[in-house]
Amino acid sequence: MWLKPEEILLKNAFKLWVTEKDNEYFVLQRRRGYGEGGGGLTGLLVGTLDTVLDSTSKVAPFRILHHTPDSQVYWSIACGVTKEEIVQHWDWLQQNIMRTLFVFDSSEDITSFVQGKIRGLIAEEGKTSHVLEDNPEKFREAYLRFENWFALPAEEKLVTYYSCSYWKGKVPCQGWLYLSTNFLCFYSYLLGAEVKLVISWDEIWRLEKTSNVILTESIHVVAHGEDHYFSMLLHLNETFVIMEQLADYSIKRLFDKEAFEREIPLSDPLQITKRGLEAHAKSEQFRTFFRLPREENLLEVHESFLWVPFSHLNTLGKICLSESYLCFASQDGSQCHIIIPMREVVSVEKPDSSSRALTVCVRGKRALRFTEVRDYQRLATTLRSRCGITASPQHSASVEIIQGECQSLINHFEDNPEDVTLMVGQKDSSKAVSTEALMTVFHPQDVENLDPKMLKEKMKEQSWNIHFSEYGRGTSMFFTKKTRDLIVRGVPEALRGELWMLFSGAVNDMATHPGYYTELVEQSLGTSTLATDEIERDLHRSLPEHPAFQSDTGISALRRVLTAYACRNPKIGYCQAMNILTSVLLLYAKEEEAFWLLVAVCERMLPDYFNRRIIGALVDQAVFEDLIRENLPQLVENMTDLSFFSSVSLSWFLTLFISVLPIESAVNVVDCFFYDGIKAILQLGLAVLNYNMEALISCHDDAEAVTILNKFFDSVTNKDSPLPPTVQQAPVGNNDKSSHFNVDISELIREAYEKFGSIRSEEVESSRKRNRLFVIQTLEDTTKQNVIRVVSQEVKFSPLQLDELYNLFKRQHFLSCYWTMKSPALLHHDPSLAYLEQYQLGFQQFAVIFPLLEPWTFCTNNSNLSLWVFRLIDENQDGLVNFKEFCCALDTLYCGTFTNKLKFLFKLHLPPEFALPEDGVIKKSPERGRGKVDLQAYLKQWQNEILRKEETIKDLPRINQAQFIQFSKTLYNIFHGDPEEESLYRAVAHVTSLLLRMEEVGRRLQESNSPASPSKPAGEAPPTAESSDTSSPQEAAPGPAETDWSFSFEQVLASLLNEPTIVSFFDRHVDIQSKVTQAQVAQLKLTGNNKAHPGFEPGTSHTLSENHTPRPTSH
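For the sequence shown, our numbering assigns the number 4 to the initial residue and increments by one for each residue that follows.
It is worth saying that the hints were derived from the structure and are not from the lab.
Every residue gets a Cβ at the ideal spot worked out from N, C-alpha and C, and that includes glycine.
Treat the hints with care, as some may be off.
Keeping only pairs whose Cα atoms sit at most 30 Å apart, straight-line, the calculated BS3-like set for lysine-lysine is [as the list claims (entries may be wrong)]: (1) Lys160 with Lys24; (2) Lys1088 with Lys972; (3) Lys772 with Lys277; (4) Lys813 with Lys1088.
Now the in silico label distances, taken between C-beta atoms and shown as ranges [unchecked claim]: (5) Arg540 with Arg377: 52 to 62 Å; (6) Ala282 with Leu653: 30 to 40 Å; (7) Val1084 with Gln97: 51 to 61 Å; (8) Val21 with Val1084: 24 to 34 Å; (9) Asp94 with Val174: 39 to 49 Å; (10) Asp94 with Val21: 15 to 25 Å; (11) Lys574 with Met457: 40 to 50 Å; (12) Val21 with Gln98: 19 to 29 Å; (13) Ser358 with Lys758: 36 to 46 Å; (14) Glu326 with Arg377: 16 to 26 Å; (15) Arg540 with Pro573: 10 to 20 Å; (16) Leu302 with Gln334: 14 to 24 Å; (17) Phe901 with Pro573: 46 to 56 Å; (18) Asn317 with Lys574: 41 to 51 Å.
With the hints as constraints, model all of the structure from the sequences given.
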């Protein structure tokens, strides 16, 4: 590798380097301790220094220096990991540089020319290099070490690296931590002791920051049941964040496709960089905080002051700019924040250059003034271009008018701070859909009704109207602590739908997608899928006590919203609990608004909740357990098993307490959820447990605890609800409330915010990431245990052996996904499928792992044999092999009887059980997943498996001449390298000649018994019935040479049984454990070497061979 020329002194370097070649202008040196001789004690010391110190000297064991005869200064210009690499550089210098140097007169000119040439070479390399870091030169050196030490495939992308200590037992090893796209690697070399660690991100169960007596701060990694600790990091927080992002990226990409498909910027594993990860994390945090659509990315951040009218002062904060939104958050984020859609901006002005001010005028006669913006001119230009606002001469008059109005508005407000009515925004009026909110239809408010509850409702509305007059209304409203206080007290019935849309961000989704919902409804009308069938089944189970859903109006609206969402997001389709949530949304929001609220909940606010594995809900339950340990220690001390709370709280999270609380109380919880997100649900859950602390501690079993919680939820009421008894929901549990006093929902929510409001959203998100690893790995482990339980009934391998085989099989599946964007294996991975079908291998992956595990060593390239085995065990002919099929084949080869092993080899050389098309390509199986499932096909396949009888040797067809020759050569290959190789070869030759003699005798007898048959050339015999019926299409009309003779399996078996050497060879026990151990070491290296291996994948076009029968291979 060419290096940026760097001046070095050789005064003290001769003890560390040995000169291999030199001439007048260049020196090639080898580092002591490398290559021949090893270097003794000096080599050990040098190796230790190379690992611990971060200097150019440790880059590689070979280097080239440039110097001139009259100078003592040397310049490093190249380095190499291997001698071959450095010699290539040396030869290039000899051929391209040396001749030119003699034309220069001075040493300075020579050095300047060499340096310029080397920099030019580096620049040319940089055009195709994937190094995009702040210090490319240093990063290239680290990348060389990474490649040299870990020998990973060339496609593996190094993201970043850090110096740290790794604790192996109680002894720290100082070395280097390398974080790549797919692996966590560590290397240390101290006084001859080498420590090398490679862990793939998809194997990690836990990743967290810890501290104890010995380690002040460290990063704790759990993988394969082992604990790994990394400490002494200069940038521990930065390191942990990058590790967390890479682990989360890998988990989503390999295990959770539904979540990963939304991560467009990170879709290519070869383009992952540290800066890219940091930008993605910032954008994700930006979208989460401001509740923006997932298409938005954080583009610019500017520190500035914003004039806040309700506080009458300038608030320091940050302007955050994305493609379609201008957002501002105060410095701590809690004082206030505001979201301004670009579509609402009417002008952007720079009224005062001295204060670097920027005025943004929006619809509704509102103006926002930002001051002390460092780059305010460029920001103004950017905003104008994004909003489509021009300052051209033809528009100057209108611009001046708008600017004058904005300036007068600001001046008036500054002069009259008490006159806040000028800042009142107008409510955004979007096009209404055909239906109203169901609550307005089935429970219209009686204006003349002046009962206490209605009066209190009017007072709430008045409070919100005052709030709107101070803080604005609609999309550009200020969000403050006072807003949260009003939410906690309860939202008025008339404003609930509007505020839900605003707080969730659904109002922006609907505004930017006009007509989208109507199109979906028309598109999904009359369709019949598995999702629509499930929706129809659950329609009448959604709030059945409410009058709105006892009529066709409510049921039809619910059907349209759920069906439209299933059409929009077929990956989710429909899941239980969505019907309950949507029913409540329809009560307070119009039909189209309810649809966009459902989109916001399913895709942003509760990610991965509504899918087959409900990963998001399980993750939040794990977060809930962590919060219980932190906030309710008394409960933890008396109830050691907290998994009970996870099981009982699942419905709390999935339905936002709607399924356990009366509807008039549950909507108050939904109010808080749309404002504070999942944090509100976690707080309320803690408050519920805290309220029932004593009763839960004293209960004797889980059933009693469930009864206590059910009684509590039945006692929760909403004393301020204006809804009549006909609309209010009856309690779901015990109706006898005499033994339990009532709890007001507003008081319960207030208590939750007072006692547990200190929980920060950032902490919740961090805990989500930490627990997501554990939850998904637990689900994967459950899948593995179920697969092993099924397969163990079919094979003789022990559970431990099956466990290791499964890990190898699954890892091979992942290795084919590490370095490609759309790996066929990754596309076919679907966690919603049956356990056995979740991980399957195509031929390209099978051709790597099968040779590592087969019991015999072959002397030739055995890709043909792998193909035949793959073709034989692929029972459903879909071009994919599952773990059961894979293990059954290995079980036959390792644990089968002599007859079964021989039958397996015999069947490999028969024509395929399924006919291949003319182009020789195995076609992909029908698409699997969430589409319409062909239940009849599954039932028929299941019936065939039950009725399938065991194959006997008489069922096997005869083998013809070409197939028998290949069968014999396969036996020769199997015996190669065996201590009794010669005797085995003689035995095979003896069997072959014996069979040929038997066939010759049989043919002569047949000819003598058939005098009427026409004469044929010598050596030709008519084809047997067996060979004719079972031949492949290409063999339907064989030539004379192909039908000379054929053998049945009984003949081959009987002949081989007469050879004790062959029988003892196949009966010999082969230890699969040693094979598995070797495969674990070689699997990664072979996968990297075989990435370009020709093979076929489901859905791709790779020709197998010209003929479909196996061709003989040269021995």
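Cross-check of the supplied hints:
1. Lys160 with Lys24: violated (34 Å)
2. Lys1088 with Lys972: holds (29 Å)
3. Lys772 with Lys277: Holds: Lys772 and Lys277 sit about 18 Å apart, inside 30 Å.
4. Lys813 with Lys1088: Holds, at about 16 Å.
5. Arg540 with Arg377: 52 to 62 Å: holds (59 Å)
6. Ala282 with Leu653: 30 to 40 Å: At roughly 35 Å between Cβ atoms, Leu653 and Ala282 fall inside 30 to 40 Å, so the hint holds.
7. Val1084 with Gln97: 51 to 61 Å: violated (40 Å)
8. Val21 with Val1084: 24 to 34 Å: holds (33 Å)
9. Asp94 with Val174: 39 to 49 Å: The hint (39 to 49 Å, Cβ to Cβ) holds, given that Asp94 and Val174 are roughly 45 Å apart.
10. Asp94 with Val21: 15 to 25 Å: About 20 Å separates the Cβ atoms of Asp94 and Val21, which means 15 to 25 Å holds.
11. Lys574 with Met457: 40 to 50 Å: Holds - the Cβ-Cβ distance for Lys574 and Met457, about 45 Å, lies within 40 to 50 Å.
12. Val21 with Gln98: 19 to 29 Å: holds (25 Å)
13. Ser358 with Lys758: 36 to 46 Å: With Cβ atoms ~44 Å apart, the hint holds.
14. Glu326 with Arg377: 16 to 26 Å: holds (22 Å)
15. Arg540 with Pro573: 10 to 20 Å: holds (18 Å)
16. Leu302 with Gln334: 14 to 24 Å: holds (21 Å)
17. Phe901 with Pro573: 46 to 56 Å: The hint (46 to 56 Å, Cβ to Cβ) holds, given that Phe901 and Pro573 are roughly 52 Å apart.
18. Asn317 with Lys574: 41 to 51 Å: For Lys574 against Asn317, whose Cβ atoms are near 46 Å apart, the range 41 to 51 Å holds.
When held up to the earlier numbered hints, the structure conflicts with 1 and 7 and fits the remainder.
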